[in-house]
Amino acid sequence: MASFREIQRKIGAVKKTKQITKAMNMVASAKLRGAQDRIERFKPYAEKYYEILSDLSARVDPGIHPLLEQRDEVKSVGIILVTSDKGLCGAFNSNLINTCTKLAKEKADQGKEIKLFCVGKKCYDFFRRRKFNILEAYPEVMGSFDFQLANDIGTKVINSYLEQEMDEVQLVYGEFYSMVKQVPRTSQVLPVVQAEDTGEGPQSEYLFEPSVEGLLAEILPRYIKVQVYRGLLDTSCSEHAARMTAMDNATRNCDEMVEKLTLAYNKARQAAITSELMDIVGGAEALR
Amino acid sequence: MANLIKLEIVTPDRNLMSEDVEYVGAPGVSGEFGVLHNHTPFLTALSIGSLFYKKEGRKYYVFVSGGFTEVTPTKVSILAEVAEKAEEISLERARKARERAEQRLQQEKEQIDYARAKSAMARAMYRLKCRDEAVSAGTCSM
Chain A
24 MASFREIQRK IGAVKKTKQI TKAMNMVASA KLRGAQDRIE RFKPYAEKYY
74 EILSDLSARV DPGIHPLLEQ RDEVKSVGII LVTSDKGLCG AFNSNLINTC
124 TKLAKEKADQ GKEIKLFCVG KKCYDFFRRR KFNILEAYPE VMGSFDFQLA
174 NDIGTKVINS YLEQEMDEVQ LVYGEFYSMV KQVPRTSQVL PVVQAEDTGE
224 GPQSEYLFEP SVEGLLAEIL PRYIKVQVYR GLLDTSCSEH AARMTAMDNA
274 TRNCDEMVEK LTLAYNKARQ AAITSELMDI VGGAEALR
Chain B
36 MANLIKLEIV TPDRNLMSED VEYVGAPGVS GEFGVLHNHT PFLTALSIGS
86 LFYKKEGRKY YVFVSGGFTE VTPTKVSILA EVAEKAEEIS LERARKARER
136 AEQRLQQEKE QIDYARAKSA MARAMYRLKC RDEAVSAGTC SM
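Top line first, the protein sequences correspond to chains A and B. Numbers 24 to 311, taken from the numbering used here, label the letters of the first sequence in order. Numbers 36 to 177, taken from the numbering used here, label the letters of the second sequence in order.
Just so you know, these hints were derived from the structure itself, not from any lab.
Partner residues are not named here, just some residues of chain A that face chain B (Cβ under 7 Å, in silico):
| hint | residue |
| --- | --- |
| 1 | R64 |
| 2 | K71 |
| 3 | F170 |
| 4 | L230 |
| 5 | P233 |
Only a predicted model underlies this, so the values are computations on that prediction, with no experimental measurement involved. Every residue, glycine too, gets a C-beta built ideally from N, C-alpha and C.
Generate coordinates for the entire structure from the input sequences, incorporating the hints supplied.
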């Protein structure tokens, strides 16, 4: 049986770990609130974009703009993967990375070349050690980012798409459903998916300035950035939620461990007392 | 008062405003345009510039960059990457940005960076202009 002192030291250590996990849980929950706020504020903007873009693109022929047009031959596929910078959030990042590698494998089996955009340190660390073609990496950005980051990524992606470096672009991010549910999600960024034709035709009669085509050329690249930003916000929100859950579990495990160790400690103490008593009684007996 | 039109300005980070106003004047890509109540539905991209609206006879200014507008008879929605009310604009930052852009414009030869410096320049200029106009309209203190 482990000695007295050893058990005592272990209890102390576990208690300290518990303090840390508890603190991390609280930090994550504060950050989560902030991230959720940002999503809420961004929603009206994103929805409006989607609405207007669907309306516009329903009016035109996809061939009209290179970002809408489906290319005949898809030789290479770009994947934008968004993960967190830090770990300690359960299986969140590995789920995302798994989804991404699965997608990459699937595409590679079809004879397509894979090109990666890694956002967040975790996926960059993972993929740079493996044989993947990383076009661009953005490590250490998830701590604090704004629309500018989505802008940068979007511009890079659009440029290399237009230069025929990629014929299709997918975005993999952690979608935030609720506190307990975050799901890796894949969505196609390029070519821009056109809204299903509802058969009703354009909803509203607008005047367009300069023209439908000119307007599309303005709005399409921005729409892509909006999508990227959405992915960034969702991932950061999911990350904090996942960390909260992970840290909550860790705290609970610590409690359990302390309980078990205390029991062991008390048993050890009892045993020591009993054996001491036995000694005394034995000694007294011998003197008689 | 009757004949008001709702003006909504949204950016990725916040809803800047949502108010009933009398008139909106915005910098479209093909020239400035004005919107009153009952305007015909209209969709256009915005250039960098200052937008103004009239409310209770006073003119208020907002700086906008990178956005577009959807006009319906009762509502004007502005979606911009950046939008700042005149009183939020930091004069000092805008001035510094202008200086930086000026320096870059003199140095840069390469096309892409030149274009970037140019648009940075335009943003700084219009921020200052927007602020100036607001001050002279009396809706923003120095």
